[in-house]
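Undergrad: Sequence:
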Amino acid sequence: MKTFKKLLLPLMGLMAHSTWAANTDLDFSVTPVAENVYSIISPSFGLPSAQNKGWNSNSHFVVTDKGVLVFDTGSSELIGQAIKKAISSVTDKPVLWVVNSHSHADHWLGNAAFTGSGAEIIASGQAAATMKKYGQEDVAAFSRMTKGATGTTEIAYPASLLAQGEKRRLGGVDIELIFSNDGHSPGDVLMWLPKQKIIFGGDVLNSDWMPIMTPDINVANLIDTLYAVANLKPAIVLTGHGKTTTVKSVIRDADLLAAVKKLVQDGYKNDKKPDEITVQASTKLGPKYRPLYKNFDAQIKEHVKQLYKEQA
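Numbering (the working numbering) for the sequence shown: 2 to 313.
Honestly, I wouldn't trust all of these hints.
What the hints assert, rightly or not - Pair ranges (Cβ atoms, derived):
id, residue 1, residue 2, range
1, K270, A35, 20 to 28 angstroms
2, S89, D267, 20 to 28 angstroms
3, K67, A141, 35 to 43 angstroms
4, K196, T247, 14 to 22 angstroms
5, K94, G287, 22 to 30 angstroms
6, I252, G117, 39 to 47 angstroms
7, G117, D28, 19 to 27 angstroms
8, T116, A260, 24 to 32 angstroms
9, D209, T92, 28 to 36 angstroms
10, D267, G117, 37 to 45 angstroms
These aren't lab readings, by the way, just hints derived from the structure by calculation. Since the model is a prediction, treat every value here as computed from it, not as a measurement. The C-beta atom is built at its ideal place from N, Cα and C for all residues, glycine as well.
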């Protein structure tokens, strides 16, 4: 619960813009992305709630020659089962592999839905350790926040731990696992399909929303990761929240963070307080970036605050 509590404040900016579609019965639809690649996009951008039944993050999957690879499983076993049902509308192949992008509970608590098919659950060692430390508390927290809508969740922790830059061939599909070096949270992993030039980003990558500032974020490493991803020239960018996007969003985020970082560094050297720098950032960067994000004004203060803390 400690880890999840840390996220509540920065996510409040998203909660104000939360939206929810009509299909609240956990009957998920599948969106084709490319050949054998699909997304299950949550229409909710806020915190887990009774209204969204805890479903506030995206999942994606790849149908291979041998079975299905799932990237992120949602925030409860019920949501995981709904994801599994949605996958079955596309293929009758079993889910053989699950990649957890990171340890935030809305992206992995659905793992147990896939253990029946013997799925290999994959994550970084850092993410897995955090899951084991806070998983039970997060299950209880999500149940309270959703007034029991997340049901009973059996926790299934990752058993396969990744090495930096690991490459695999799964069911005839080449994948590369990229560490963000704590760019969003400790142990973040992105997945790259080099043949199709598709990047799966978890919460490291964004479409309509500002990068989420968490207390554990390493902004410098996030900026480096975003530019590295941009250099891959992905044709399709799949995010942890929000719609499918393009490399333009990756470059936008990197440029924004670099600009805010520069303003904070200069302001800190000149003994400016965070509120002063926030006003400056809003004035200087708002005209360019406000139209590009749904929550620029709600989140720019959090960006300045986090970067200022890193200077101290």
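Undergrad: None of the hints should be skipped; say for each whether it holds.
TA: Right, here's what the structure says about each hint:
1. K270 x A35: 20 to 28 angstroms: 46 angstroms, violated
2. S89 x D267: 20 to 28 angstroms: 54 angstroms, violated
3. K67 x A141: 35 to 43 angstroms: At 37 angstroms between Cβs, range holds.
4. K196 x T247: 14 to 22 angstroms: Cβ of K196 to Cβ of T247: about 18 angstroms, so the range 14 to 22 angstroms holds.
5. K94 x G287: 22 to 30 angstroms: 48 angstroms, violated
6. I252 x G117: 39 to 47 angstroms: 41 angstroms, holds
7. G117 x D28: 19 to 27 angstroms: 20 angstroms, holds
8. T116 x A260: 24 to 32 angstroms: The hint (24 to 32 angstroms, Cβ to Cβ) is violated, given that T116 and A260 are roughly 44 angstroms apart.
9. D209 x T92: 28 to 36 angstroms: 29 angstroms, holds
10. D267 x G117: 37 to 45 angstroms: The hinted range 37 to 45 angstroms is violated for D267 and G117, with Cβ atoms some 55 angstroms apart.
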